[in-house]
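Peer 1: As a plain string of letters, each chain reads:
Protein chains: 2
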Amino acid sequence: MTTAEPIELSLALDRAAGRRYPLGQQLVDELRRRVQAGSLGPGERLPPVRGLAARLNVTPETVAGAYKRLVEEGYLRGEIGRGTFVAAPPLHAEEDPLAPFEAAGALPPFASQQPTPGPPANRDLLRLASQPGLVSFAASVAALDLAPVEPLRRALSDVLAKDGAKALQVGAAQGYQPLRAAIAGILREQRGLDVDESTVCVTSGCQQGIDLAAKVFVAAGDVVLVEQPSFLGALEAFRARGARVIGVPIEGDGLRVEARPKLLYCMPTYQNPTGRSLSVEKRRALLRIAASHDLPIVEDDSAGFIHLDGDGLAPPSLKAEDHAGYVLHLGTFSKLIAAGLRLGWLVADPPVFEKLVAAKYASDLSSDALVQRAVHRLVVDGALDVHLEHARTAYRERRNALVSALQQISSSGVTFDVPEGGFNLWLELPRDGPSSTELFLEAVRRGVAFVPGPFFFSAGRDGPASSAALRGLRLSYSAVAPPDIERGVHLLSDALRGITEAARPAEPLVY
Amino acid sequence: MTTAEPIELSLALDRAAGRRYPLGQQLVDELRRRVQAGSLGPGERLPPVRGLAARLNVTPETVAGAYKRLVEEGYLRGEIGRGTFVAAPPLHAEEDPLAPFEAAGALPPFASQQPTPGPPANRDLLRLASQPGLVSFAASVAALDLAPVEPLRRALSDVLAKDGAKALQVGAAQGYQPLRAAIAGILREQRGLDVDESTVCVTSGCQQGIDLAAKVFVAAGDVVLVEQPSFLGALEAFRARGARVIGVPIEGDGLRVEARPKLLYCMPTYQNPTGRSLSVEKRRALLRIAASHDLPIVEDDSAGFIHLDGDGLAPPSLKAEDHAGYVLHLGTFSKLIAAGLRLGWLVADPPVFEKLVAAKYASDLSSDALVQRAVHRLVVDGALDVHLEHARTAYRERRNALVSALQQISSSGVTFDVPEGGFNLWLELPRDGPSSTELFLEAVRRGVAFVPGPFFFSAGRDGPASSAALRGLRLSYSAVAPPDIERGVHLLSDALRGITEAARPAEPLVY
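Those protein sequence lines, which keep their order, are chains A and B.
According to our numbering, the first sequence holds residues 1 to 511 in order.
According to our numbering, the second sequence holds residues 1 to 511 in order.
It should be emphasised that the hints constitute simulated quantities derived from the structure, not laboratory data.
Where hints are given, some of them may not hold.
Pairs involving identical chains hold if they fit within one copy or between any two copies, as the list cannot separate such chains.
[Claimed, not checked] List time: in silico DMTMM-like cross-link candidates among lysine to aspartate or glutamate, alpha-carbon distance up to 25 Å:
id : residue 1 : residue 2
1  : Lys166    : Glu150
2  : Lys162    : Glu486
3  : Lys166    : Glu61
4  : Lys162    : Asp494
5  : Lys282    : Asp163
6  : Lys166    : Glu397
7  : Lys262    : Asp222
8  : Lys166    : Asp145
9  : Lys166    : Glu389
All of these numbers come straight from a predicted model, not from anything done at the bench.
Let's have the full structure, built from the sequences with the hints guiding it.
Peer 2: So this is what it looks like as structure tokens:
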């Protein structure tokens, strides 16, 4: 492998900006911008530190510091003795549902008082998963190939034809009343919730529900408990609020943390990333813990409609058994229709509900009026039900294809539970094999991607460096067609075998 | 006027809830819910305190406390010697763009550490403005009767037909790249901004831009400076963050506040509520203040496209002259298309931009993908321009109708500036006349509504009780047809004359 010549960097720093915008920061920003914009391409070699420093008339420390920062952020990589290179292909966010994590993750924390847990692994890793042509198990999203495009197009068109400009009128912060009533209806029918629209608030996706809970319950420095592993978006929202996010196993005795927690976030049904559900006993234990610790619980029920087995429904939501008002229940149409549709809901009891609505109002006034009406129509005319039946059948096939392909490679020592719902399967690698991060690098090289375990782990007992984190990985099957699933698992198996054999003591090669 | 019999209140409190949900709170929540739901109607008389207390088996203090709280919140009103009554008609949020303020304003503060400025006036007042049949100058919104319903319907339909499920794919937190480029284009052409899409982030309306600025710059207890008077939604967003919001006149010497401010929020062009614009000199002074105090400025430019006079454009944005990166620039399609469309943008320089994008991600991942594509299409195919030309013409007619009607009543002592853009005109009442709040009550009785001055004023120099606040009021003309404008001004004039004459020392009536 030859080393490329360093590129010419035509750069001008603004010396007049002075202390306000230091030269080193300018250099960091400009180089980052160029990598993001693609004008510095992956693999390109940057000028040596001293040469660039001389040309820009800054100290070598300034240039070295800028390079170091961009290496930490994942934009550049250093190779000992060879120089500094552009690390990754530029982001194509539209192609990669994980890209938003990148946008957030590559950045410095913005609340200076917040204790900053470092990213659980080099986030640059995940960017590799955006390469075209990969079989990607990385995206835990509703399948785009199943999306009800035509019903949605019809609903939007009908709403505008029938309601005209009224469909574009801004409404109350808590949302379009008929949609709230329709949400209450499907929660009563399918999630065991005894609610009407008076305690349902429309949100811009489940993520906004989490953010509103953080706004109402959490101040900088407060402790938030999460399952270990947990949903990445929730970890980001709580960290952005300056919270100390601590992962705990959700058991009867699982809440012994050094500081009094302000909130507990969990996904009791078809959890992301593990696909597991809490038993009835654990749910009741959780409600007892809430009462005895006076601890509000955020129930993320975004997978609660994606039951794949039996004729019945998913286990009833945690909120269904919450008679004391401790549970804030969240869900989203993003998982039911398509991820780009930013429309979800929260359910909470009166004193808290009103605080959440006030926070929603201060956040963005209300969710999009037209989309609320169109989705309302999909719910009430039955199109959502029809779509969901169809989608569940497809997800079941995909889940089955994944399970059956994994069973074929089980001799390689991987283990997993069969998920009964949702979009994800949690795989555990053999104890004596590579870590999930090591496997990831080899897997991407061979054409298959997933999300390695450490990304889902927080500080606390069994953190990102624990055996559970290092051996675990998430395979999301929802958005992958069955033939690709089979191919992907074979590539994964090859990667696992390849890396395991490579790690063995060298033997004489006879071929 | 006879006093109605008290109603029968069939109520059951949950005694088992105990300390978790005190009986008094239950009573407050239940009564509030019934007023909101309309099962307790305006004017209905509540049972006397002692009777209800006996029947519910609680202390009279519990009932009295609940009534008192609901009176403060504006749901009930007490009349000395007559009893307690339901105060206002139930909210019909869909009909009243101000209703979201109610939802937020009627609530207890949710950040306990926040110093809570009380509402600047009884918010129940504004609820009166939602009565049907009023000529309402209360809503500062894009006119629904002008909304480009058909172009939007076509755009949505075309996007779904052409892009299919891709239009429903979740994108990067900063937004759909072609839309960001299109926004940069219109900002370059019409707002004097030298930007490309790399520093444009799509937001869910201008309100979310304000909320993101609060998240990035402001902690509980920090001082935020605002113009006096200022935009109600901004005041709510900063207060929700726990900020101390202080109103200052924006002058060269206007920043002498006791604590170092963290942020300044202003609307330099066609300000809401006054309709005024800052002069070039004041804009430059503001930028010098930013530099010397190291103070970030949030420029709300949401009216910057609504210029009504001359052949040219609005004054260039403040951001256009900001070469040091102090200005965070906000705008929104809500004012250009319709208020229910929750889509706006922010522009900021690199170090801050990335923090704002991270905050956007943690807030709601991204804005709705489909709406972003549809609005992108409206921009690039020229439909937005065509609509804006048409809308500006209509707004000009409405502004002119308002000004000409007001000139006819100028003998009553009211004064105003003619706004050169935006949706609002600020009227000042004569010094010796009624306050704008007094006038409001009389005006609503006679069939015309507006927003009284104190709603727009914060703590600080010239607060809600200042002469400027009490004498001022906002007339929003954008959403009122010219004949209604003329009728509304006459009603207003009648109300002013009526209240002024009633206030004079009684004279013998000869008619």
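Peer 1: If a hint holds in the structure, say so; if it doesn't, say that too.
Peer 2: Taking the hints in turn, this is what the structure says about them:
1. Lys166 to Glu150: Answer is both; intra-copy 23 Å and inter-copy 13 Å each pass.
2. Lys162 to Glu486: Answer is neither: 47 Å inside a copy and 31 Å across each miss the 25 Å cutoff.
3. Lys166 to Glu61: Neither, since 60 Å and 46 Å both go past 25 Å.
4. Lys162 to Asp494: Answer is neither; intra-copy 56 Å and inter-copy 39 Å both fail.
5. Lys282 to Asp163: neither (47 Å within a copy, 45 Å between copies)
6. Lys166 to Glu397: between (42 Å within a copy, 23 Å between copies)
7. Lys262 to Asp222: both (6 Å within a copy, 23 Å between copies)
8. Lys166 to Asp145: For Lys166 and Asp145, the Cα distance is within 25 Å only across copies (9 Å; inside one copy 32 Å).
9. Lys166 to Glu389: Between copies only: 22 Å across, 32 Å inside.
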